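**Q** Next come the chains, spelled out residue by residue.
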Amino acid sequence: MEATARTKTEALAPCNSVVDGNFEEVPRETVIKFKPPLYRQRYQFVKNLVEQHEPKKVADLGCGDTSLLRLLKVNPCIEFLVGVDINEDKLRWRGDTLAPLMGDYLKPRDLNLTITLYHGSVVERDSRLLGFDLITCIELIEHLDSGDLARFPEVVFGYLSPSMIVISTPNSEFNPLFPSVTLRDSDHKFEWTRMEFQTWALYVANRYDYSVEFTGVGEPPAGAENVGYCTQIGIFRKNGGKAMESCVSEQHDQHVYKAVFTTSYPSLQQERFFKLVLVNEVSQQVESLRVSHLPRQKKQDGEWDDTPKDSQASSPCFGPVFTEVEKAKIENSPKPFCVGDKFFVPLQRLLAYPKLNRLCANEEMMRSGIADSIPLSSDGSAVVADLRDYSDEQF
Amino acid sequence: MSGRARARARGIAHSSFRATEVGRTQDSSLPTSVDLSNSEATSSSGFMGTSRISTNHKYGISSCDAGSTFMERGVKNKQDFMDLDISTREKLAHVRDCKTGSSGIPVKLVTNLFNLDFPQDWQLYQYHVTYLPDLASRRLRIALLYSHSKLSDKAKAFDGAMLFLSQKLEEKVTELSSETQRGETVKMTITLKRELPSSSPICIQVFNIIFRKILKKLSMYQIGRNFYNPSEPMEIPQHKLSLWPGFAISVSYFESKLLFGADVSYKVLRNETVLEFMTALCHRTGLSCFTQTCEKQLIGLIVLTRYNNRTYRIDDIDWSVRPTHTFQKRDGTEITYVDYYKQQYDIIISDLNQPILVSLLKKKRNDDSGAWLAHLIPELCFLTGLTEQATSDFQLMKAVAEKTRLTPLGRQQRLARLVDNLQRNTNARFELETWGLHFGSQISLTGRVVPSEKILMQDHICQPVSAADWSKDIRTCKSLSAQSLNTWLILCSDRTEYVANSFLNCLRKVGDSMGFNVDYPKIIKVQENPAAFVRAVQHHVDPDVQLVMCILPSNQKTYYDSIKKYLTLDCPVPSQCVLARTLNKQGMMMSIATKIAMQMTCKLGGELWAVEIPLKSLMVVGIDVCKDALSKDVMVVGCVASVNPGITRWFSRCILQRTTTDVADCLKVFMTGALNKWYKYNHDLPARIIVYRAGVGDGQLKTLIEYEVPQLLISVAESSSNASLRLSVIVVRKKCMPRFFTEMNRTVQNPPLGTIVDSEATRHKWYDFYLISQVAGRGTVSPTYYNVIYDDNSLKPDHMQRLTFKLCHLYYNWPGLISVPAPCQYAHKLTFLVAQSIHKEPSLELANFLFYL
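Chains A and B supply the protein sequences, listed in that same order. Reminder that position 43 of the first sequence reads as 43 in the UniProt record's numbering, one-by-one numbering, no gaps. Reminder that position 586 of the second sequence reads as 586 in the UniProt record's numbering, one-by-one numbering, no gaps.
No wet-lab data here; the hints were simulated from the structure. Remember, predicted model here, so these are calculated numbers, not experimental data. What you were told as hints is all true, and nothing was included just to trick you.
No more than 25 angstroms apart at the CA atoms, straight line, and that leaves these computed lysine-lysine pairs for DSS-like:
1) A:K107 - B:K216
2) B:K329 - A:K73
3) B:K342 - A:K47
4) A:K73 - B:K342
5) B:K154 - A:K90
6) B:K213 - A:K90
7) B:K154 - A:K258
8) A:K56 - B:K342
9) B:K187 - B:K168
10) A:K90 - B:K168
11) B:K154 - B:K168
12) B:K108 - B:K257
13) A:K107 - B:K342
14) B:K216 - A:K258
15) A:K90 - B:K156
16) A:K275 - B:K403
17) B:K329 - A:K33
Kindly produce the complete structure, drawing on both the sequences and the hints.
**A** Following this line, the structure appears as structure tokens:
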């Protein structure tokens with residue numbers, strides 16, 4: 001899905017959500033319907049931006065029911081995700097849906113992730129939001145009254161001063177395409193034309209040493225291209241990148257927001273989960289090597305019922321697919337071997353497999369990771385297993 | 001392998017008391033099962049997928065969807081509350097005032113129950129909320145109410161219509177207005193419906209909701225009704241399992257007050273994706289029969305997709321589709337699976353050759369578009385639950401048991417930590433305080449240890465050193481009665497002939513000291529395949545054969561099933577199966593032979609021992625139910641009745657019925673048969689009947705009382721001309737929340753055998769008690785819970801309790817106490833054999849023998 005998804009003009013079915021406006025009392029006539037819905041297009045826009053720039057710390061101001069945060073939390077690069085809103089009950093109510101799920105424990109992320117929701121106003125300064133890579137204000141500024149709007153740049157650009165800021169707001173030039181709309185939401189204090197928004201944005205960017213680029217989501221229908229995107233977006237980048245970092249530490253801690261919810265995700269950076277994943281991967285690899293070792297063994301004993309394996313093409317064949325380089329690496333590593341009824345897999349061999357290589361840099365790291373859970377040879381250079389397992393009979 | 005051993009090998013799910021399998025190694029730990037019975041490892045919740053045994057707790061698939069709100073979960077408890085609301089005690093005049101016994105030595109016990117303190121006048125206010133205009137979305141209704149300032153600082157629970165507050169609103173009807181995101185003004189009318197005292201069922205439900213909310217605040221992960229701590233997993237890498245420690249919690253009204261109960265529970269999770277499973281399987285089976293085996297193994301399993309935490313049932317595998325193929329999204333656009341998962345979840349699919357799993361989704365309401373198919377990528381699906389193969393894997397179950405076993409002290413420490421967390425966590429405390437609640441002290445109570453029983457043998461009365469196991473005490477004693485075994489067969493293979501002979505010598509020797517005369521059998525050698533065994537049985541069994549013994553070369557289920565099927569249906573002859581491996585165990589031959597000799601004695605209609613039964617002319621009955629393993633909509637109902645005053649001989653019937661309820665529909669047929677049998681042997685009808693009913697699920701109590709008890713009464717009335725025949729019905733449950741420990745030298749221990757609890761932890765509306773009749777050497781013992789729902793016999797509570805204890809001594813497959821009365825265990829063994837192996841009603845010719853041992 002691209003940020004510039006198409007719009008379609010459709011007859012109004014019993015439609016309740018067109019944009020964020022309320023049209024239910026409106027006479028049934030042709031209206032604009034976005035596909036995917038406009039709010040989704042806005043979120044997708046942010047998501048694409050995150051994928052492109054890989055920020056570590058991201059905050060969403062005016063996060064509402066935390067939908068955007070839920071979309072962003074799957075991104076592997078983010079380590080801190082913060083949501084701020086003035087509606088505490090809403091944060092509480094939906095907050096625990098941000099907690100890690102069972103799958104997050106079974107397959108932990110690579111990097112830590114902490115998600116925190118704060119109850120507070122975007123025009124108040126809280127030092128915990130300093131030093132962020134990206135702050136998003138999606139459909140936020142139009143809810144600020146003139147006083148708050150005046151304070152907003154000072155706090156977000158001047159004080160928080162993240163590397164990148166994304167601000168989206170309705171484009172009022174688009175409104176005539178909607179039937180009889182003045183403001184799209186009764187809580188909107190204003191809706192700006194492109195000129196108004198851009199003037200404000202350029203002024204703010206100049207003042208706080210940011211550069212700004214304008215775009216939007218929600219393309220106008222054919223014939224009305226001149227009105228521009230339904231939602232206009234400004235992307236602000238700080239000039240000189242992260243030069244402000246030094247100032248951060250000099251700031252005094254200022255905690256005005258109330259932390260409503262916080263959760264941290266299991267990750268491979270945590271020893272417990274690293275070991276868990278490593279031990280599982282190692283046992284799986286050893287088991288698969290052991291099982292593939294068995295038939296050959298049986299054949300030598302003359303017991304193995306040698307069924308023709310010609311159906312290779314039609315039968316499924318899967319398991320990890322290796323590149324030529326990976327294959328060569330595995331081939332060149334020490335081979336598994338048997339001593340009596342014991343089966344040995346050298347750790348060096350295991351390290352040759354990409355999945356395990358990704359987890360462990362060297363043999364020592366692997367050894368210390370698995371030593372508590374998996375039997376090792378006396379010199380600690382190989383994993384030991386019984387060649388024949390009681391479960392082999394079951395098939 | 002004995003039938004008992006088989007039951008155990010297939011997973012201890014329902015037979016969670018002392019293992020008596022032939023040839024168990026000395027340390028194969030009886031308590032294993034005791035502890036396990038209370039952990040999730042063997043509970044057959046839907047999520048675990050081991051649903052083949054009738055289960056009390058069905059955690060629906062939706063329960064792992066972390067998205068649903070707390071009120072929905074509350075509803076799941078309704079069944080429990082339904083049971084608790086039924087008052088049976090008030091109809092029983094003799095216990096209306098006092099249901100406690102008196103005999104035995106008082107013992108001080110600590111429980112896993114805690115006081116909940118709140119002000120004397122505490123009340124819950126139930127409001128009804130209506131919206132104008134009406135809002136269909138429950139989420140929106142909740143959002144609007146929650147965001148209203150009028151209610152913002154109040155403790156509240158709301159499900160979209162019903163609102164509960166601990167503080168009364170000023171007005172009976174409160175009108176609020178709120179604005180949706182779209183600017184619509186919505187009027188909310190909050191009307192007071194009821195004021196509820198803390199003991200009312202609805203109130204208790206709300207308490208449970210509150211505590212679930214609180215445990216979530218302790219960063220615990222909710223699955224079903226339990227809470228787990230995923231940050232402290234325990235690993236069993238060789239079986240690709242993780243265990244999450246956690247708690248089952250509940251708030252409930254006990255004898256005199258509201259108590260919070262918590263018990264340690266474990267969630268078993270599998271660290272294996274479907275793809276990994278398939279790859280391993282492919283390695284093992286080879287390609288030729290891979291697809292077939294794979295489908296057989298996977299179809300029907302529940303998988304968890306890690307990206308959205310949903311569970312799906314695998315209904316099919318589409319081998320022709322690859323992740324690189326495209327599918328049509330709901331909006332009509334085409335996209336490859338690879339791209340879809342990358343875009344939607346930032347997941348890169350690494351194996352592009354894997355097939356696609358197909359799951360049939362349930363139809364949504366108001367959706368006529370037909371069933372939805374979900375396509376799932378094996379790599380992204382985790383297996384859930386333990387397959388039948390896994391639960392029958394003795395090594396695996398042992399590994400799980402070893403990890404989950406907790407001593408009473410360990411258990412007590414876990415509890416203490418939970419309580420400490422509850423009291424120290426500011427969020428949790430805040431939530432409690434806003435509701436006006438305070439977490440109180442751990443409950444201690446006084447139980448009684450009833451006197452131990454003497455075991456009556458043929459010419460000897462023995463007072464066992466330990467009631468847990470009197471095998472040593474009776475080694476030299478003769479059984480009460482034993483038929484001699486003259487005409488019988490041993491089936492074995494060439495390889496096992498040698499072991500068969502040495503076993504036979506042993507058997508004759510031990511049989512001799514037991515008073516069980518064993519003649520030489522006809523030894524028949526057969527090839528090592530199930531069909532050959534059955535053919536040999538068909539060929540050699542004639543009407544004179546008393547017993548067929550089969551020495552099985554492997555524990556392949558087909559051997560056991562096909563032999564048992566033939567010898568219980570087509571040609572009813574008692575049979576004894578034993579694994580060759582078991583007989584090969586060094587130094588174990590004598591004890592194995594003793595066990596088998598005892599089983600054979602019973603299967604031929606003999607009696608091993610007795611206890612003194614003070615009531616003359618008492619018939620005890622055991623009833624258990626269980627789902628058939630092959631066709632899940634068939635219920636197997638097993639009934640066993642004693643047919644002599646000494647309670648040493650049994651009549652049994654097993655009836656299969658096609659119904660969705662657990663309730664035995666066929667009790668009349670059975671009761672009539674049992675009473676006829678009694679009459680035949682005793683030339684009179686019994687004066688009293690006591691029925692022990694096991695296998696009762698949550699929410700079934702009402703049906704039991706309204707349907708089963710009358711059915712029993714009618715069949716009793718029809719059979720006897722004099723109306724003096726008196727009936728009692730007792731529900732037996734091995735799973736219950738309370739645990740009891742004795743405190744000794746600043747540590748806690750399992751209570752002694754014969755401990756009875758009939759106060760405080762019991763229910764006010766019921767005539768109930770707890771009895772500890774089994775040992776848990778290294779684990780924590782779980783008491784068995786008895787609820788007398790009908791009682792014409794009007795025995796004193798003391799007598800009822802002690803009679804129940806006596807009956808726990810009479811299970812002939814184990815020379816010691818067991819966790820339930822013998823008739824229950826016999827009924828369980830019978831249903832298990834039929835449900836797992838036979839799938840039909842066993843021949844009535846076997847009804848007078850304990851052929852199912």
